[in-house]
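*Asks:* Here the structure of chain C is known, so what remains is to put chain P in place on it, guided by the hints.
Line by line, the protein sequences are chains C and P. Taking my numbering, the leading residue of the first sequence gets 1, the next gets one more, and so forth. Taking my numbering, the leading residue of the second sequence gets 191, the next gets one more, and so forth.
Don't take every hint at face value.
[As the list claims (entries may be wrong)] Residues of chain C placed beyond 12 Å of chain P at every Cβ, according to the derived structure:
id	residue
1	Leu-8
2	Ala-28
3	Gln-62
4	Asp-76
[Stated by the list, open to error] Some, not all, of what chain C presents toward chain P, calculated at C-beta under 7 Å:
id	residue
5	Ala-110
6	Gly-132
7	Gly-134
8	Phe-149
Simulated from the structure, these hints should not be mistaken for lab results. Ideal placement from N, C-alpha and C gives every residue a C-beta, glycine not left out.
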Amino acid sequence: MNNYREILKTKTVGIAGCGGLGSNCAIALARVGIGKLIIADFDVIAESNLNRQYFFLNQVGQKKAFALKENITRIDPKIVVEAHDIKLDPDSIVSLFKDCDVVVEAFDQAAMKQMIIETVLGKMPGKPIVSGMGLAGWGKNNLLTTHKFDNLYICGDMETEVSEDLPPLGPRVGIVANMEANQVMELLLG
Amino acid sequence: MKIILNNTPETLDGIEKLTVDELLKVKNFSFKMLVIKINEKLVKKEDYATATVKDGDNVAIIHLISGG
Numbered sequence: 001m002n003n004y005r006e007i008l009k010t011k012t013v014g015i016a017g018c019g020g021l022g023s024n025c026a027i028a029l030a031r032v033g034i035g036k037l038i039i040a041d042f043d044v045i046a047e048s049n050l051n052r053q054y055f056f057l058n059q060v061g062q063k064k065a066f067a068l069k070e071n072i073t074r075i076d077p078k079i080v081v082e083a084h085d086i087k088l089d090p091d092s093i094v095s096l097f098k099d100c101d102v103v104v105e106a107f108d109q110a111a112m113k114q115m116i117i118e119t120v121l122g123k124m125p126g127k128p129i130v131s132g133m134g135l136a137g138w139g140k141n142n143l144l145t146t147h148k149f150d151n152l153y154i155c156g157d158m159e160t161e162v163s164e165d166l167p168p169l170g171p172r173v174g175i176v177a178n179m180e181a182n183q184v185m186e187l188l189l190g
Numbered sequence: 191m192k193i194i195l196n197n198t199p200e201t202l203d204g205i206e207k208l209t210v211d212e213l214l215k216v217k218n219f220s221f222k223m224l225v226i227k228i229n230e231k232l233v234k235k236e237d238y239a240t241a242t243v244k245d246g247d248n249v250a251i252i253h254l255i256s257g258g
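Chain C with its partners taken away, still in its complex shape (with noise of 0.2 Å):
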């Protein structure tokens, strides 16, 4: 398929968090040029972020929506960004993210993961929500895969949870980052 880049410009893709999940996948959407991403975010670049999400030294301190944005910007300005630095909560998340074709889910804490997805599940309905599960620690290459629950679909290995032994680090996160990517891929392009 030579026309992909044809179709995923009339798409629209909202990602919720600009973490290590979210600047990722953003990225490698924005990569195979994705028409419009709605990216939200309320936290702050710290220098620890580096280890694992897609922000540059000179941006520690910055708003992770607005430097995302201009990550995205820096690798193709055509792509149309709006960021949103805002906490979100299910109202903001159905008025931000109705009009997407896909919504990825981009949070670290659990509970914003539930959150997002029962809003989803309950309050959009038909609308396909891909999210990240289990991505901490290193290695375990083949326990990375993809659940799909109807419209939910889980990337990762629904398993490791971030812990003191198990920090959230650049190629684990990175792979689940683009799992998501390339699901959202799946789910426009077929």
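*Replies:* This is chain P only, laid out in the frame that chain C set:
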């Protein structure tokens, strides 16, 4: 009864139907943070005690895990 649990066929011997709470106990699900669907429909936490699972149902019980 026979159900599909997380895309895998399961047989629960001697049980005709049970609540979501009971299913969690029977299958030893211990995580607190869950998303549960029965036949593609979301079941909210406050309904775990009353929502029932019966023969032929397709049930998804998803653990929410921190990290991102």
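*Asks:* For Gln-62 of chain C, is the shortest CB-to-CB distance to chain P above 12 Å, so the non-interface label stands?
*Replies:* 19 Å, holds
*Asks:* Taking 12 Å as the cut and beta carbons as the points, is Leu-8 of chain C off the interface with chain P?
*Replies:* 24 Å, holds
*Asks:* Would the non-interface assignment of Asp-76 of chain C survive a Cβ cutoff of 12 Å against chain P?
*Replies:* Since the minimum Cβ distance to chain P is about 24 Å, Asp-76 of chain C lies beyond 12 Å and the statement holds.
*Asks:* Hint Gly-132 of chain C vs chain P: min CB-CB distance below 7 Å?
*Replies:* Given a least distance of 6 Å, the restraint on Gly-132 of chain C holds.
*Asks:* Does Ala-110 of chain C meet its interface restraint, that is, does its C-beta lie within less than 7 Å of any C-beta in chain P?
*Replies:* 4 Å, holds
*Asks:* Holds or violated: is the Cβ of Gly-134 of chain C closer than 7 Å to a Cβ in chain P?
*Replies:* 5 Å, holds
*Asks:* Say whether it holds or is violated: Ala-28 of chain C keeps its Cβ farther than 12 Å from all Cβ of chain P.
*Replies:* For Ala-28 of chain C, whose nearest Cβ neighbour in chain P is about 15 Å away, the distance exceeds 12 Å, so it holds.
*Asks:* Would the hint on Phe-149 of chain C stand, with a C-beta cut-off of 7 Å toward chain P?
*Replies:* Interface hint status for Phe-149 of chain C: holds (4 Å vs cutoff 7 Å).
Comparing the model with each numbered hint stated earlier shows that all of them hold.
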